[in-house]
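Engineer: Chain by chain, the residues:
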Amino acid sequence: MEKILQVKDLELSFHTYGGEVKAIRGVNFDLYKGETLAIVGESGSGKSVTTKSIMRLLPEESAEFKNGEILFGGRDLTKLSDKEMQKIRGKDISMIFQDPMTSLNPTMPVGRQITEPILKHQNINKDEAKKLAIDLLRLVGMPKPELRMKQYPHQFSGGQRQRIVIAIALACNPQILIADEPTTALDVTIQAQILELMKDLQKKIDTSIIFITHDLGVVANVADRVAVMYGGKIVEIGTVDEIFYNPQHPYTWGLLSSMPSMDAEDAKLYAIPGTPPDLLNPPKGDAFALRSEYAMKIDMEQPPPFFKVSDTHMAATWLLHPEAPAVEPPEMVIERMKKFPGSRYYEGSAN
Amino acid sequence: MAEKLLEIKNLKQHFNVGKANEVKAVDGISFDIYKGETLGLVGESGCGKSTTGRSIIRLYDATDGEVLYEGESVHGKKNKKDLKKFNRKMQMIFQDPYASLNQRMKVMDIIAEGIDIHGLAKDASDRKRMVYDLLETVGLNKEHANRYPHEFSGGQRQRLGIARALAVDPDFIIADEPISALDVSIQAQVVNLLKELQEEKGLTYLFIAHDLSMVKYISDRIGVMYFGKLVELAPADELYENPMHPYTQSLLSAIPLPDPNYERNRTRKAYDPAVHNYADGEDVKMREVSPNHFVDCSEKEFAEIQEHLAAKK
Ligand SMILES: Nc1ncnc2c1ncn2[C@@H]1O[C@H](COP(=O)(O)OP(=O)(O)OP(=O)(O)O)[C@@H](O)[C@H]1O
Ligand SMILES: Nc1ncnc2c1ncn2[C@@H]1O[C@H](COP(=O)(O)OP(=O)(O)OP(=O)(O)O)[C@@H](O)[C@H]1O
Ligand SMILES: [Mg+2]
Ligand SMILES: [Mg+2]
Numbered sequence: 001m002e003k004i005l006q007v008k009d010l011e012l013s014f015h016t017y018g019g020e021v022k023a024i025r026g027v028n029f030d031l032y033k034g035e036t037l038a039i040v041g042e043s044g045s046g047k048s049v050t051t052k053s054i055m056r057l058l059p060e061e062s063a064e065f066k067n068g069e070i071l072f073g074g075r076d077l078t079k080l081s082d083k084e085m086q087k088i089r090g091k092d093i094s095m096i097f098q099d100p101m102t103s104l105n106p107t108m109p110v111g112r113q114i115t116e117p118i119l120k121h122q123n124i125n126k127d128e129a130k131k132l133a134i135d136l137l138r139l140v141g142m143p144k145p146e147l148r149m150k151q152y153p154h155q156f157s158g159g160q161r162q163r164i165v166i167a168i169a170l171a172c173n174p175q176i177l178i179a180d181e182p183t184t185a186l187d188v189t190i191q192a193q194i195l196e197l198m199k200d201l202q203k204k205i206d207t208s209i210i211f212i213t214h215d216l217g218v219v220a221n222v223a224d225r226v227a228v229m230y231g232g233k234i235v236e237i238g239t240v241d242e243i244f245y246n247p248q249h250p251y252t253w254g255l256l257s258s259m260p261s262m263d264a265e266d267a268k269l270y271a272i273p274g275t276p277p278d279l280l281n282p283p284k285g286d287a288f289a290l291r292s293e294y295a296m297k298i299d300m301e302q303p304p305p306f307f308k309v310s311d312t313h314m315a316a317t318w319l320l321h322p323e324a325p326a327v328e329p330p331e332m333v334i335e336r337m338k339k340f341p342g343s344r345y346y347e348g349s350a351n
Numbered sequence: 352m353a354e355k356l357l358e359i360k361n362l363k364q365h366f367n368v369g370k371a372n373e374v375k376a377v378d379g380i381s382f383d384i385y386k387g388e389t390l391g392l393v394g395e396s397g398c399g400k401s402t403t404g405r406s407i408i409r410l411y412d413a414t415d416g417e418v419l420y421e422g423e424s425v426h427g428k429k430n431k432k433d434l435k436k437f438n439r440k441m442q443m444i445f446q447d448p449y450a451s452l453n454q455r456m457k458v459m460d461i462i463a464e465g466i467d468i469h470g471l472a473k474d475a476s477d478r479k480r481m482v483y484d485l486l487e488t489v490g491l492n493k494e495h496a497n498r499y500p501h502e503f504s505g506g507q508r509q510r511l512g513i514a515r516a517l518a519v520d521p522d523f524i525i526a527d528e529p530i531s532a533l534d535v536s537i538q539a540q541v542v543n544l545l546k547e548l549q550e551e552k553g554l555t556y557l558f559i560a561h562d563l564s565m566v567k568y569i570s571d572r573i574g575v576m577y578f579g580k581l582v583e584l585a586p587a588d589e590l591y592e593n594p595m596h597p598y599t600q601s602l603l604s605a606i607p608l609p610d611p612n613y614e615r616n617r618t619r620k621a622y623d624p625a626v627h628n629y630a631d632g633e634d635v636k637m638r639e640v641s642p643n644h645f646v647d648c649s650e651k652e653f654a655e656i657q658e659h660l661a662a663k664k
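Just so you know, the protein sequences line up as chains B and U, in that order.
The first sequence: position 187 = 187 (our numbering), numbered continuously.
Add 351 to a position in the second sequence, counting from 1, and you land on the number used in our numbering.
One chain only, chain B, in its complex shape (with noise of 0.2 Å):
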């Protein structure tokens, strides 16, 4: 498959009066051609952060590259100046925020919120622009989409909001859309229309998408591949059933288990104990140590590398070194593993 774009050893720090906040330390991932990559993972540990110094919409007095390059077609995102990083930022690259409102204009039209980056990156005149904006809102699911042009974003209901938003992300047919929890506020029913909007749209012009969400249902109905945060690192990365089925991290592990399932009893719901670790003086060692049951000694003294699970699936634990001692893995975790061909749990095809 082809790679449209390559993130290497990227560090980031953020310079603050407290000191240097090292959000990103040391993520390393490859996008392939129309696929969607899901990044999930604790509050605060860069997911965001990611995926705005792919677009270059950090702080610059306060951002700073201090490792790395984001590779996309044959350029090197991070040394780019600002000017050729616009000509990519909403034509080959877009994103879509989390709240709709803070990426529209209140006081402009929609139509003309749609017709603009239109008329910047593309070479057409202003009525085929129009037709453009109005052909997108209907793909998007707009109804009178002509009528609907002149309105202004405050009469439209939330979802209809995130709709247009969408629309604008998708007026130059961007090679990589990147959302940034497009759905956390919409209800699901309108998150379901959205995200197989989504998924149809992915089709028709095979745009890569990156997703970044913390509803792990939604993980598991949008992406391909899924990589999970921890402190600033990616600690576990594979296939949406190798992460599902097969976890290795014991973050990974926590995070599903802190998950109620639908069928569950009254019993406690699983919190991960502890705080999330403090960046500006990461731990020495496996940043999750702390709040895992199952860290080892080496776990205090020593970052773990990647060990390789498969050849799609990797994960950043000593505890698949082989000299590892064998744990047992939460019980709600065995139970996803009961059905997956390759763990050792695995009971055969459940139907």
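Keep in mind that the hints were calculated from the coordinates and are not lab data.
Below 16 Å or equal to it, Euclidean Cα-Cα: the simulated EDC-like pairs (lysine to aspartate or glutamate) are:
| # | chain 1 | residue 1 | chain 2 | residue 2 |
| --- | --- | --- | --- | --- |
| 1 | B | LYS199 | U | GLU614 |
| 2 | U | LYS664 | U | GLU592 |
| 3 | U | LYS375 | U | ASP412 |
| 4 | B | LYS268 | U | GLU547 |
| 5 | B | LYS268 | U | GLU550 |
| 6 | U | LYS363 | U | ASP378 |
| 7 | B | LYS338 | U | ASP610 |
| 8 | U | LYS440 | U | GLU423 |
| 9 | U | LYS620 | B | GLU196 |
| 10 | U | LYS636 | U | ASP378 |
| 11 | U | LYS435 | U | GLU464 |
Here the structure is a predicted model, which means the values were calculated and not measured.
Go by the hints and put chain U with the ligands onto chain B.
Structural biologist: Then chain U with the ligands, alone, in the frame of chain B:
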């Protein structure tokens, strides 16, 4: 749990009445909330969940209808003393922990606000002690009292919101999407805390949410709203096992589950209000289809549901 704490009777909340942009945000809903229970409220964005909560707690003057708290009308209260009493008994936790805490105030003063308003502390040291106790109750500690809200993580901030609500020793708490913005593990912390507090203090909750798996987990009963109306109300398990209103069925069919195999095979059910095909003036109202299970339906639909339930047995 037979004792009623609140009775909501034909509550209406309309905005911009008489203007072109009139919105019937809440349009005649009735339900009871029992002492010590958690009533979940779910439904599409914009269907009137928050407005219902805000009208109950009197952040708005209701357009019509009544709210009775232990048999006394909440909205009829005119004198200050009575109002204060109700303010103390009913508290609200807001969706966005960041926006709902004053960023310039120290945690000590944020939490003590209600204590000060209601004059609950004997003196300064008593006030301090109360705040320390509250911080401990929500799993924080007294060192946190001198910090500002921005120095806390999302989950910790939501705990501050809970501590503030608990400060005046309420009986009833409206939690408006208290966990939607948090990540799963922190959601679990907050939900566990709410459950513990309920057991300890016998609190009653109205829990408003999007996330249907969390709502099922925390609620005893669940009400489903659609465009300003309540369309179904049932014990939590019953609602998930036997959803009867087509909107409820559609809502449940859309819940994404953390299971890729399931997601690949999911079929969603869309809701089109036209399916009811009600005749003009047909009597559509909440009817009890089985014990404690109410569905908004016509006489004819009621008969069909009865048949269906009988066939299922
Ligand atoms: N402008 C900034 N200045 C200083 N620190 C920042 C800045 N932006 C982000 N950070 C820090 O970088 C870290 C990663 O933040 P990021 O926004 O990527 O988290 P996230 O994984 O997206 O979390 P969430 O799920 O809460 O959105 C956090 O510790 C955050 O406090
Ligand atoms: N102050 C107001 N003035 C005018 N209209 C309002 C006001 N507050 C709410 N509305 C409208 O009332 C309806 C119900 O809003 P409400 O906030 O209760 O919805 P909700 O069910 O809480 O939705 P969400 O899940 O998105 O929070 C919406 O159409 C909204 O636009
Ligand atoms: Mg983020
Ligand atoms: Mg609301």
